[in-house]
Amino acid sequence: MSKYLVNLKINNMPVAVEEGTTILEAAKKLNFRIPTLCNHPDLSVAGNCRVCVVEVKGARLLAASCATPVSEGMEVFTNSEKVRKARKHIVELLLSEHNADCTKCFKNGHCELQELASEYRIGDHVFLDLVTPESMIQDISSPSIVKDDSKCIRCQRCVRTCAELQGVSALAVVNKGDHQKISTFLNKPLHEVVCTNCGQCINRCPTGALTERNYIEEVWNAIYDPSKFVVVQTAPATRIALGEDLGVPVGERVTGKMVSALKKLGFNKVLDTDFTADLTIMEEGTELLTRLKKALVDKDEKTVLPMMTSCSPGWIKFQEHMYSDMLDNLSTCKSPQQMFGAVAKTYYADKINIKAQDMIVVSIMPCVAKKFECERPEMRDSGYQDVDYVLTTRELAMMIKQAGIDFHKLDEDHYDSILGESSGAAVIFGATGGVMEAALRTAYEIVTGREVPFTNLNIQPVRGMEGIKDATIKIKNVKPEWSFLEGVDLHVAIAHGLANARQLMEKVRRGEAVYHFIEVMGCPGGCLGGGGQPIPTSPEIRKKRAEAIYSEDEEMPIRKSHENPEVLEIYKEFLGEPLSHKSHDLLHTHYKPRKRY
Amino acid sequence: MSTTEALVKELVEKNGRTRNSLMPVLQGIVQQEHFLSEEALICVAKELDLSAADVYGTASFYTFLDTVPRGKNIIRVCKTITCHMKGKDEVIKAISNALKIKVGETTHDNKFTLLSANCLGWCHKGPVMLINDEVFPELTPQKALEIVEEYAKK
Amino acid sequence: MENNLKKVDIIFEDSDKCAPLKVLEKTLKRTADDIILDLIDSGLKGRGGAGFPTGLKWKFTRNETSDVKYVICNADEGEPGTFKDREILDRVPEKIFTGMAICGYVVGAKEGYIYLRGEYNFLLKGLLKKLSDFNAALKKLNVDFQIYFKSGSGAYVCGEESALFESMEGKRGEPRNKPPYPTVAGYNSKPTVINNVETLVYTTMICHMGPEKFKALGTSDSRGSKVFSVSGDTPIPGIYELELGMPLHDFVNEFGDGDTKAVQVGGASGHCVPRKKFNDTIIGFEGIPTGGSMMIFNSSRSMYNVLHDYLEFFAEESCGQCTPCRVGCQQLLKGIEAVKRGERPPAYLDDLKKLTGTMKIAAKCGLGQSVGNPFNSIIDNFREEIIY
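Chains as they are written, first to last, in the working numbering: chain A, 50 to 646; chain B, 465 to 618; chain C, 57 to 444.
For the record, the hints were derived by calculation from the structure and aren't laboratory data. Remember, predicted model here, so these are calculated numbers, not experimental data. Treat the hints loosely; a few may be bogus.
Okay, derived cross-link-like pairs now, EDC-like style, lysine to aspartate or glutamate, Cα gap no bigger than 16 Å in a straight line [said to hold, decoys possible]:
(1) C:K396 <-> C:E441
(2) A:K644 <-> B:D597
(3) C:K195 <-> C:E81
(4) A:K137 <-> C:D407
(5) C:K181 <-> B:D513
(6) B:K589 <-> C:E441
(7) C:K227 <-> B:D513
(8) A:K237 <-> B:D513
(9) A:K644 <-> B:D513
Make the full structure from the sequences, and use the hints.
Quick look at the structure:
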């Protein structure tokens, strides 16, 4: 249906926009910026904060420009005296209920309210301070997320994120009037409720009310401790986003500079989670083929399909809460981060002759759920906590700034060896559909002896930002040992963002769709849109990050996990073969059902 | 099945399994159990396929949908200006002394909770109070005590 | 003392003279357009306080194309000082039901709901019996319309129409962004007529007696009569149906105790009129419109206490979603306390008055927009009482 155009004037400039466009969007077209707080490109319109109010000629009330559609002949003023006065009042009101101790805030310098206050030169506080002692108590129960109500301005972005993008609703608006706040079920601490630790709320919080639990000081201390050998691993999606926090344009890859910076920070070895992403493909791909055989040939009733990926700790905790009857569908493979920790403190420690107890493994992750994951009791197969500290991409950027490193002037460096080599298949783990694509590149070749039948190995049907994707790959002319797969249509599905995951799970549960293999990533866009990535985020930003990931893949000399020489080496020297006894001990795990409510 | 679970199931059966029935379901629970317990909130969330936080967030918006334990009889004395002018403070004081509880508290035997309420719509006949769903206008401290005594006997 | 105050008996007129079902039968024989024309001609405006022309509201809803439409009776009377709807619900509910059924016929709705505030639950038992008789009568008359009750649970803001829809949909009673308006997307996002209890009774009565008789009452801006809830310092508190457009002076002569200092017209969200302005204040849409609440204060009353009570009420009953209202109400309340205690200078009251200016134009709904009414009218007229 084609929409007709509406003519209006904004600040006396005429503009024609499609019917249904908001005043805010129309103003953007004319390059008039209207400040917003509760508005976010990923979320439904709320119209709560009222910071975006504008004057419409002839109207008694100011209009919330984010929530008001344009109409024919409308005359809008975005900076009239009325508007400015009201907007300033609103910012002052927000500041009066906000703990404005900015210098002590983790978001200092990255706060939308602070920016607005600065823009409007809010000087002396006109209004009374409404912050209460109770609201000053932070919820630090979660290893991933810190909730500080004294910084909250009730824009409800987090609540909408948790409901609309993630389908979890661990956060809700509670009470009314002067007691209204953002809270959890019966105001329980975050670690006692169904929070998946995905951190998407953090990405959308305009202030410091929701932040990651940060471990920057702990990591500095480890680096400075001469008795510790500190190795760092970097997740695939960090290299395409870190730059955003350091003045580099969105979508620019900074892999070499990041490695260089990490070395300058003083890590003893700079290694790559991409290595264990390749290892994951070997294990998970083999697990899939084994499950297919057990289910299709042996008719083993205990083997369940579809198999589901297990790289995303937000998704795992979601599944443990919401679909605990489907835990057997999850691949038993640990996430690449945890495979790395387990291998680092065993195989690698032996190789470089360092005692595991003297080794500190730090991860740089696009994720805050990884902070929770590394503390899971199951993740101590080396005999120690396999991964000691997890930093977000944002925290790494802070450390780089703290160290006085001029990121732009850094040379590009290479990961250390071993545990530093990787393939393009590993890099694309960072985008939704990437694990699926990487697995298919390897599994198809194992089964048929040929490369996947897609131009340049790019499996387009599993790429893109659609919430739920599915694809079918026909398997033909297989090797003799895989004859049971001859002519089989392999059905796969991919979901990203937990609200989409829920939809997909419901479909599977109802038996509406039969899949063999499902990839789920907890965050919108996959890890590239993770809860630990630079802020802000939007569909546009995530699209650019995805493009960066796929171009990184194309430029890699090795594109398939099973061709990673270091991976082949670890099997030869240490693990034996995929799903070996040793693999099971170190690289696989189990899951536990958690409370549904 | 616990009595709460059975009650919720019955209410959901009666009112329907959609979000639109949330209010009548919560109201039905409060009618029976005087407040919304954690168990009750979870049962409702389960039956209506909502998150527990969402159900709690909705309930906590409404003054009559209490999520903290309340006595068998909930006394709500109107605190609006006209009732104030007609002596609601004396009424509250009398009840408070008799039951040995302050506004917001519940008696040890769980028989009474004393609360204040915004305008109950009886300004011409203040002071007024509700006990559960029953209304008592034109109160005096003496009259209020007699009424509370009647409830104590029930 | 003689005055121009005219008492009227339309709303509570004896049901023998005006049998609601007879009115319904008679009205359903007419065309929807004729009924709308009569309502528009009568000049009836909504009696909840906002005063939107009822006939237009029905017309807009009728003009919407939709398979489902609703008629909703707003019986969430919660404005401090207002109690007339309770009396109407108690005494003449069939007239309300009839108004709803006529509206259903006019706009093409098959379902009607009465959203009754939780504080009036004691009415429910009696009302349900009368409603089931009425619904049965509708079926007998082959009228494809049924009415149901929904209960509130103690939230003033649910009287705001879009908050009321949210509440009926099982959500927090938070007002929605407008547009869209209820006539386009109301309950369940379907075209909805939402009318106050009293308004619906007047529609029934206008259908009964014709628009002329109604129109003959009141003034050109405020046609007809309205039910007033009279309370406070008066020897004769209660409910009175009066012709609109009266000077407040006449009202005070009739209802005051001889020592009236001020009248709060329109409840907590209304205006406080001091003695010196009684003469030039007209009660009606051309002067001070009201949902019917008239609180009378004599010279023994502290206007600080009155304002404090109202502000406390708004700070508690704000839904809390929008900044101007959530934070603004708290600032006004804590602000007058600070001035009273001497922690802020008297001039701070002027800062707060400016704040109400912002609340009036930037808050999301009528609640936050109207808090400035009592605040400014009390501060302006009784400044000393606030400060000292």
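So, going through the hints one by one against the coordinates:
Restraint check for K396 of chain C and E441 of chain C: satisfied, since their Cα atoms lie roughly 9 Å apart, inside the 16 Å limit. At roughly 36 Å between alpha-carbon atoms, K644 of chain A and D597 of chain B are farther apart than 16 Å, so this suggested pair is violated. Pair hint K195 of chain C plus E81 of chain C holds up; C-alpha atoms about 12 Å apart against a cutoff of 16 Å. Taking the CA atoms of K137 of chain A and D407 of chain C, the gap is near 13 Å; set against the 16 Å cutoff, the hint holds.
At roughly 31 Å between alpha-carbon atoms, K181 of chain C and D513 of chain B are farther apart than 16 Å, so this suggested pair is violated. Annotation: proposed proximity of K589 of chain B to E441 of chain C is violated, straight-line Cα distance about 27 Å (limit 16 Å). About 14 Å separates the Cα atoms of K227 of chain C and D513 of chain B, which keeps this hinted pair within 16 Å; it holds. Pair hint K237 of chain A plus D513 of chain B does not hold up; C-alpha atoms about 20 Å apart against a cutoff of 16 Å.
At roughly 15 Å between alpha-carbon atoms, K644 of chain A and D513 of chain B fall within 16 Å of each other, so this suggested pair holds.
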